[in-house]
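For the sequence shown, position 257 (counting from the first letter as 1) is numbered 278 according to our numbering, and the numbering increases by one without interruption.
These aren't lab readings, by the way, just hints derived from the structure by calculation.
All C-beta atoms in this analysis are idealised placements derived from N, C-alpha and C, irrespective of residue type, glycine included.
All clues given are correct.
Straight line, CA to CA, 30 Å or less: simulated DSS-like cross-link-like pairs of lysine-lysine:
no., residue 1, residue 2
1, Lys-308, Lys-86
2, Lys-162, Lys-308
3, Lys-293, Lys-266
4, Lys-266, Lys-308
5, Lys-308, Lys-264
6, Lys-162, Lys-264
7, Lys-293, Lys-264
8, Lys-293, Lys-308
9, Lys-162, Lys-266
10, Lys-308, Lys-76
11, Lys-293, Lys-162
12, Lys-266, Lys-222
13, Lys-264, Lys-222
Estimated spans, in silico, between C-beta atoms of each pair:
no., residue 1, residue 2, range
14, Ala-287, His-88, 38 to 44 Å
15, Trp-71, Arg-104, 26 to 32 Å
16, Arg-213, Pro-317, 26 to 32 Å
17, Glu-82, Pro-359, 26 to 32 Å
18, Ala-287, Gln-363, 46 to 52 Å
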Amino acid sequence: MGNSKAFEEIAMSAQVLPSVLAFERYDPTDASLDWLRERGVNVIFGNALWEMPFKRFTEDELIAKAHGCVALMGASGTRINRRVMQALPGLRYISKYGIGVDSIDIDAATEHGILVSSTPNDFQIFTVSEHAVALMLAVAKQLGTWTPEFMRRGGWRGLTHGATLRGATVGILGLGRIGRGVAQRLSGWEARILAYDPFLKEAPPGIELVDFSTLVEQSDFLTLHATPSPDNHHILNAAAFAKMKPSVIVVNTGRGSLIDYTALRAALANGKIAGAALDVFDQEPPKTDDPLFSLPNVLCTPHVAAWTTEGTQAIGWHAAKNLWAMMSGEGQADIVNPQARQGRSAVSLGGV
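Make a model of the complete structure from these sequences and hints.
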């Protein structure tokens, strides 16, 4: 499959330009999608991630919209599971915007001979790491309380007090590239840095590896950066919140699945923990009447930790070039399941 002849075979067998559904458009310039069109790809535009109100495709809507497509492009909002793949027999490629692929059933994709790529782009490391630190500081410095609106109402200081990261214990759940990026950015802040990562036996200098119980019991700030998996689904649950300091601040710029949000809402409302700063949620977009938005000890951002002009364009181009490499064999793609190629010979490339 890994050559330009494969792309020609797709087009010839389908008797039309190979169609790709960009079910979630990531780069507002659409330049990378136009680049694919210039190369003979029929790109079908789906929902844009910057539109308001934003609406994600349901499984049935995705299946209907992607009928006849050989590829899908999108972020993490819509799950691409076995049912979706079985309903789209012509599907051969999934180009994912972002690092994580937990929204895709990789085992099912491999069985169906569907290559999946992601975008482990440095922009995401820098921006998400910075956003996590910014959220820590915003909560510590009470920026959700001391606002222009607070002062417009005549507010001045009050009994609320800010805090400092100096001397605090910052816990990092997941010490991958972003978790390490957070630790690197906090170096020199005179904070104690703990980390829990079951896949590591040692950590870089300045980071103390601990078990999960120690992490949740000793952290003053707890920031989440683990790759989602069945093992860490709702790893922060009611039992974990019960072990935490009542002064702890939980920061989540990772994935909503890492937290039992029902338990989090209860812990925040009942004063079991001091606060939370959240960029990801159990449902995205969350309901507008979510209790989190009315709690005084919560700061929220709408999944924008990696949402910068340079970042969206870089990731858009990364995903487009991944897709072109998979389809044509020109260039290299960041494929997460190369073994899927083994099952492709039994599948007609036409299939559309």
